[in-house]
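If you read the sequences in order, they're chains X and H. Numbers 238 to 478, taken from my numbering, label the letters of the first sequence in order. Numbers 10 to 96, taken from my numbering, label the letters of the second sequence in order.
Incorrect hints may have been included.
Said to hold, decoys possible - So these bits of chain X aren't anywhere near chain H, every CB distance computed over 10 Å:
| no. | residue |
| --- | --- |
| 1 | R244 |
| 2 | R264 |
| 3 | Y319 |
| 4 | E439 |
Claimed, not checked - Covered stretches of chain X (in silico footprint by chain H; criterion: 3 or more residues with CB under 8 Å from a CB of chain H, positions within the stretch not fixed):
| no. | segment |
| --- | --- |
| 5 | 332-343 |
| 6 | 466-473 |
What the hints contain is simulated information worked out from the structure, not anything from laboratory work. Heads up, the beta-carbon is just placed ideally off N, CA and C, and yes, glycines get one too.
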Amino acid sequence: MRRLTWRPAELVAAAAETASARTLRFRVPGWPGHLAGQHVDVRLTAEDGYTAQRSYSMAAPADGDLVELTVETVTDGEVSPYLVEELRVGDQVELRGPVGGWFVWRPESTAPVLLVGGGSGIVPLMSMIRARRQAGSRAPFRLLYSLRDPDRRYYADELRRPDPGLDVTYLYTRSAPEHVSRPARRIMLDDLAEGGWPASFEPDCYVCGPTGFVEAAADLLLALGHAPERIRTERFGPTGG
Amino acid sequence: MTEHLDGNALAGPLSEIFAVDVTSATGRCVSCGLAGPVASLRVYGPDPGLVARCPGCEEVVLRLVRGPGTAWLDLRGTVSLRVNLPE
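With the sequences and hints as input, model every part of the structure.
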């Protein structure tokens with residue numbers, strides 16, 4: 238490993254994930270590969286030389302020199318509206334990474350995994366789900382995905398498809414589809430008790446989302462007896478964007 | 010606006026200085042003695058610089074200011090950093 242530098246990255250594909258989120262695939266010559274859960278810094282440079290940078294989680298495991306991000310537009314943000322609404326295939330930005338060695342899942346790990354995502358916090362968790370599938374891992378995964386309403390779902394088709402060893406539970410906070418019996422509400426102890434793993438299974442827990450969500454979910458996991466060192470958290474702030 | 014991010018946000022900026030990932034290192038707070046991963050610190054910023062506070066006592070553990078051609082790293086709130094190194 239050595240100090241990281243900025244690399245040019247060309248957008249090669251893009252698709253809308255929801256009305257306000259877009260998945261972007263970049264080709265980054267010389268990309269060294271990355272682990273599921275890691276992120277990259279994205280830097281934009283304006284014609285007058287002004288630069289702005291933000292950090293985004295990668296949505297998929299390493300695939301040669303391709304890097305995939307899913308970006309949610311932050312209203313009045315400096316970077317995300319450009320990435321979601323303006324950037325065209327063939328355009329270039331700069332990437333620095335991969336960075337982060339804490340919030341990562343390694344395919345050689347066999348421990349049960351509990352993924353708890355709030356809103357766009359699903360992104361690094363999806364990278365772990367895809368890395369598990371890519372590696373043919375048999376580590377059992379459970380995903381609890383908290384989101385405002387069904388229109389906010391990222392990766393809806395892919396998460397609907399059967400993936401043996403992966404259980405997916407949606408926790409709607411504002412409005413739930415009609416067939417869902419759980420009333421729309423914020424994440425609670427019962428959600429983690431029913432959709433997660435017993436603490437005695439010693440699962441590795443990954444919690445990602447807005448600060449308030451992460452702290453609430455992490456506190457509930459502690460209350461259920463999960464060991465602090467098995468709970469890894471990553472907070473997405475509403476600032477910046 | 011005081012909504013914090015966390016120490017995971019330090020990974021990119023610190024990668025300009027260090028050849029290892031510092032966010033997975035274990036740091037100990039000068040003020041309260043709490044030890045934990047740098048990733049778990051509360052981070053405020055990014056302007057004028059990144060300020061990382063202890064999740065236990067809220068004291069400043071680390072500050073990082075990036076200027077043209079320079080980075081200032083202030084570790085006054087850190088007793089030690091235990092860095093995992095692959096053998």
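Status of the hints after comparison with the structure:
R244(X), annotated as away from the interface, keeps every beta carbon of chain H farther than 10 Å; the closest lies near 13 Å. In this structure R264(X) is separated from chain H by more than 10 Å, as the shortest Cβ-Cβ distance comes to about 20 Å. A cut-off of 10 Å between C-beta atoms confirms that Y319(X) is not in contact with chain H; the least separation is 18 Å. For E439(X), the condition that its CB be more than 10 Å from all CB atoms of chain H holds, with the nearest at approximately 19 Å.
Look at the segment 332-343 of chain X against chain H: 7 of its residues bring a Cβ nearer than 8 Å to a Cβ of that chain, three or more, so the hint holds. By the rule of at least three residues with a Cβ nearer than 8 Å to a Cβ of chain H, the coverage given for the segment 466-473 of chain X holds, with 5 such residues.
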